[in-house]
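Undergrad: Single-letter residue listing:
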Amino acid sequence: MAEIAESSDTSPDHPAPKSDRREEFDPETMRRTKPGAKRLVLTLSVLVSFLIGFPLLWKSVEIYRAPLLFDDIDSLSKRMESEPLQFPCNFRAVFVGFDFGSEDFDRADDLKSSIANRMDGFVSGTSQCGTCSSNYSVSVVMESNSHCVQSRGGRRSCPYQCGAISSVDFASDDESIDGSLERVLGGECSGLAGKVYTVVVVNEDAGDKAVIGKYRHAWIVGRTQEEKAVENIAEIFVKVFSNGGKEEGLIHGEFMPVGADGRIVLSFNLLNTDPQDWIYDWDFNTIEEHMLSPLVEALGPIANITVESQVLYHTPKSCYASWDDELKSFILNTGDLPFFVNSNEWHLDTSTAAGGRSKVLQLVLYIPSAKECPLNLQLPNREISKANGYISPMWGGVVVWNPKNCLQDPEKYPTWHKISPQDLQKIFEVFVAQIRQLIGLKSDNLFIGTSGRSIMLASEKGFTEWELDALTRQHTCFNLRSCATTLSSLSRLVQSLPRMIIKDEIGKQVKLSMEAAKQAESDASHGIYDAAAVSSRQSRALAEDAFFHPSIMSISYYSFEHCFAVYSPFFLPVSLHVVLAALREWKRYQRENKKYFAWKAREDAS
Amino acid sequence: MAFLSILVSALLLLLPSRGSSAVAAAAAFASGSAAIGEGGAGEEDFSEALLLKPLPDRKVLAHFHFETGAPETPSYGRHHRLFPKSIAQLVKKFHIQEMELSFTQGRWNYESWGGFEPIASSNAKPPGVELWAVFDVPPDDVDASWKNLTHSLSGLFCASINFLESSTAYAAPEWSFRPGPGSLRYGTLPREAVCTENLTPWLKLLPCRDKAGISSLMDRPSIYRGFYHSQRLRLRSVKTSSDGTHSSIILEQTLTVVLHPNIQKTSTVNYGENKLQPSWSMSSLFGRKIGGTCLLAKSSNVYLQLDWDLVRELKHLQNGNQELGVESIMEESFLSNPAFVLSDEPDKVINEVNSRSEGSSAILYEFSVRKHSDLGPFDLGFTWKTPIVWSCPQLPLRVSRFLMGSGNERGAIAISLRSTRVREGLTNAQAMGESCKLDVNVFQVVPWYIKVYFHTMKVFVDGKPIAVSDIIEKIHVSPSEDKVSPGVLEMILKLPCSVDSAGFTLEFDKGFLHIDEYPPDANQGFDIPPAVITFPNFHVKMHFGEDNSSKQSAVLSRFEDNIPVRSYTEVLLVPLTTPDFSMPYNVITITCTVFALYFGSLLNVLRRRVNEEERFLKSKDKRSSPLSRLRSKLSTKLGGKPVVTSQSSARSSSFISLKLILKIILVAGIAIAWQYFSE
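So the protein sequences, as listed, match chains C and G. Those letters in the first sequence? Residues 1 to 606, by my numbering. Those letters in the second sequence? Residues 1001 to 1679, by my numbering.
Do not take every clue at face value.
Quick list of in silico lysine-lysine cross-link-like pairs, PhoX-like style, CA-CA up to 25 Å [as the list claims (entries may be wrong)]:
| # | chain 1 | residue 1 | chain 2 | residue 2 |
| --- | --- | --- | --- | --- |
| 1 | G | Lys1315 | G | Lys1371 |
| 2 | G | Lys1092 | G | Lys1204 |
| 3 | G | Lys1147 | G | Lys1483 |
| 4 | C | Lys503 | G | Lys1541 |
| 5 | C | Lys418 | G | Lys1298 |
| 6 | G | Lys1315 | G | Lys1541 |
| 7 | C | Lys595 | G | Lys1618 |
| 8 | G | Lys1620 | C | Lys587 |
| 9 | C | Lys503 | C | Lys461 |
| 10 | C | Lys594 | G | Lys1620 |
| 11 | G | Lys1618 | C | Lys594 |
| 12 | G | Lys1618 | C | Lys587 |
| 13 | C | Lys34 | C | Lys594 |
| 14 | G | Lys1275 | G | Lys1385 |
| 15 | C | Lys461 | C | Lys38 |
| 16 | G | Lys1147 | G | Lys1093 |
| 17 | G | Lys1275 | C | Lys595 |
| 18 | C | Lys386 | C | Lys328 |
No lab work stands behind these hints, which were simulated from the structure alone.
Use the sequences and the hints to build the structure in full.
TA: The structure is reproduced here in structure tokens:
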């Protein structure tokens, strides 16, 4: 190589004899030939190929990150924060037995607008997620024996059949009125926004009362003024049918104990504190069949519920009860309750069958031992709790049941007792009430509003239809919110760790979750509660799946420092060589070029 | 925990006006409970027992046995009274037909604690964790079920059972481990440390836990101080009705410990004291007494077992003394027998009938816990009066396994079987027939990094090598696949009854693991799981005449089961080459440096102009410093060469480089040749 280069690159040795011909030629400053570019091209090409290769190398050590829809996630979470999901609701007020003319449309419209005004008054201030705050329509029907008048406008998805209401006998008992109203009002509506909440106001000489039924209607009977009735109707619409009859601040929708995969496991535990005193057993299969399965079925749209039970022994509580002579029982007051559950001795296992991220609600029936029997819970107002139980949100509930032969001396060798069906029935009524409270409903049969009190009828299923509607709305809203927060924290996490591997699966889950969330939003705006609940649950589950994907858990150890440490022993010395060579060659080329030009200039001049 | 506790205050609530439905429900209750009362046969039940046995080497065996049964009803896995819910859910979720999980510490001493008896056959387990399970699922789903099961069990028992998930850790034996077809998976973790954190969840499965009954004896320090400790959980599904429609799941939990009684300084210096077996009681063994019964148990008994050989010795002793009749130790007058004294009177003495060894049969004393703990805590004491020496029933062949060879490259595994000559009677009896053969089932799992060459198997009988095909009746080998599956060897050896010793060896190469496959503390070596040796001709089965007694007690009915004799060999520790774990980085650095040097010099060669530089140097030389002139002079003197002109020097330099390259090639060639011939 050296020889070849030598021949092309004219060295000043050869032209030495010529120098005597031209004395002024100085090999230090001039040359006759153009300097060769071979070496320059060579070094530069190496440098350039290195420069070209660098992005390729960078690409090859790059980690895979599936594209996530960051913008969509941001917009979803912003939407969820700024404007809570609102469902359309249809309300209808039916006035029976009021005086009006046959063509008195204006009066119906007046009533309608006054009800709407009152409702706005109740709604104002709080725009809770999952209610129908301002997104509602009201229609008014006035009916008498001869004719009926309906207000104009509004959504007409579910027309009211005039005269049908006259078949209902408002003098009979509440259960039968409820049944016959359901026959008259319910059923035939099956449109998209088909759920209409009705309040029937009957102007009759009967005991003044307001009743909220098991379905989607309520009725007010009595000689009432229109004004008063309007007030009443508006309150029932907003506080009961729209908000689910809940008091503000009792339990928020965020506390709904539904697992991320949309499942709840109700785990019933019978605790025999000391089997040396007595051993109780229950007939769980029967109670499940008669009391729990309707409840499970009713809550189907909200969560997939499974029920299981076990009996545990030797399970003392972890706080002491004091004897009260007056009440002839052991007393625990509210302050002791946080220490009641003894997690060391109560092996309330989380269910293996549930798996995943299901929520397990523990429902505990505590049978005290002989030395602390009867055991009663005391309310803060020093009264004895009638239910003898308490709940702990998101954990479950405890019911204390005192055996009948409590104060007698226990037998030496206790035999198995079965809790009698009547007692078990009572205990499970308390449990059902506790489940209602855990889910966020009131367990009261009275609704006390500002404009009077009304009786609420309880359903055999444990949940009335309007309660289920409200729950579904809240659940949908809660799911969408939690989906949005999960996704936005995922996107923040991903953006903050640029060297974290993100698998395609995660990208797919995020995409599906976003799609399900959009579907839920559109369903909700059309008033399809069940479908909205289902797709919202799906979106939340997918978002959680993406967030808790195992590949995210193990953040890649392939940090930048590691990369540097692996590649620097090669690239640092090599790049030094390459760059220096290129620089030198370039400098030499310039110098030699200058020499050549100097010679050329002299040649031209001469 | 900030419980936001809320009192359900006025809870009159639910359905004040729903009289009709409540009545209907109550009526349904009545009918439902009647139906259950009729079909009351399928109830869950629980029984507990403790078996104590003095061992010949001055130790005491304590065997706790708890058994819970549950019928398979529709509510199985959801509603349970006694059966642990978590186990029932496992069974239901993974369709487990049979399962056994054992946690063991220490090694069972087959020579002095016995091998040919029910407890040794079913409770002597290899150290660490052993898990096998039979699933009732299609063959394709078995592996998935196994993997999920290992994870669930790992969470349930606070152990690293989840390491059995990887396909390199478990095997699917076809016939050698257990007879009968089934989708069986088998895995062991020899290095798992067993301690209280494994015992606590195990106790949690018992209805009384360790609060009452026999399990209250389990004082953790005493139990873990023992020589051997094996905690076992076994699930079986049993057909209860003859037509096979009804089945039930039985959960058997056993804890077997071998303890050394605290030697009580009883009397003054006795000349025979060191020969006399140490006396013991429950409180001296466990430091606790049984305070009361677990009321949930159907039966709660303590048994004291006297071995065959011990009974024979006792009879000899009595015959020698001529004081009492032969029957006395089985009679109520046992308290006055010359050999030992019991602190409590047994409720029942159970004799084994149809004993295997002639002349003697095992004796079991039964103590009902309920009866004995009535007046005060039950503390069974056993005091020796006369020194007695006896031995335990031995295995037909004593099995041991060891490594051969040295170095980090290859080695061999050897399994040797030596006759114990205790089955003399049986051997002779069988020798009457033409071909007296002794079957030995061998099941061995070898991890993939021990690359066993199965073709190198050599068999020796009585020290002489013989052809493999002469002795092996059936063999099944599945060679290991690197990082995928372990090697499995299953075979049946047919040995002549008169055999004194037999053995076989297998050679192996030690494999290399990937850097991240090494466990922490890799320098300790790698464990090869124990081989399982089964003797299908021999079955341990005790037979108790009185049917009622064995029916009552779960532990006795287990003894009556027909279990083939099984033993485990030792765990082998194989040292593998363990790398210096910073090596990868060193390799990277060295390689990169070499490459960089090569690259740099190549670039220089391509770029440099030798002539021009030399000229430049020369021109520099003219006005160079005295130091460089001195250097050039020195080099001239040392080299003995005159200062040459630039041109000739250029030529010579190129010539020199050629020579240099030739020299290097020569040296490299010699090195290669040396390497080649030295191989």
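Undergrad: Taking 25 Å as the top limit, are the C-alpha atoms of Lys1315 of chain G and Lys1541 of chain G close enough?
TA: holds (23 Å)
Undergrad: If you draw a straight line from the CA of Lys1618 of chain G to the CA of Lys594 of chain C, is it 25 Å or shorter?
TA: Status holds; Cα separation ~23 Å.
Undergrad: Verify the proposed pairing of Lys1092 of chain G with Lys1204 of chain G, using a straight-line Cα cut of 25 Å.
TA: holds (19 Å)
Undergrad: Within 25 Å, alpha carbon to alpha carbon, are Lys1315 of chain G and Lys1371 of chain G?
TA: Measuring from Cα to Cα gives roughly 30 Å; hence the hint is violated.
Undergrad: Is the straight-line distance between the alpha-carbon of Lys1147 of chain G and that of Lys1483 of chain G 25 Å or less?
TA: holds (17 Å)
Undergrad: Take the C-alpha atoms of Lys461 of chain C and Lys38 of chain C, compute the straight-line distance between them, and say whether it is at most 25 Å.
TA: Violated, at about 93 Å.
Undergrad: Decide if the proposed pair is consistent with the structure: Lys1147 of chain G and Lys1093 of chain G, CA atoms, cutoff 25 Å inclusive.
TA: holds (13 Å)
Undergrad: Are the Cα atoms of Lys594 of chain C and Lys1620 of chain G separated by 25 Å or less?
TA: holds (22 Å)
Undergrad: For the pair supplied as a hint, Lys418 of chain C and Lys1298 of chain G, confirm whether the alpha-carbon distance does not exceed 25 Å.
TA: Cα-Cα ~18 Å, so holds.
Undergrad: Regarding the pair Lys503 of chain C and Lys1541 of chain G, is the alpha-carbon distance no greater than 25 Å?
TA: Not satisfied, since the Cα-Cα distance of roughly 58 Å exceeds 25 Å.
Undergrad: Taken at face value, is the distance from the CA of Lys595 of chain C to the CA of Lys1275 of chain G at most 25 Å?
TA: Roughly 113 Å between the alpha carbons, so the hint for Lys1275 of chain G and Lys595 of chain C is violated.
Undergrad: Under the criterion that the straight-line Cα-Cα distance not exceed 25 Å, is the pair Lys595 of chain C, Lys1618 of chain G satisfied?
TA: Measuring from Cα to Cα gives roughly 20 Å; hence the hint holds.
The structure fails to meet hints 1, 4, 9, 15 and 17 from the earlier list, while all remaining hints are met.
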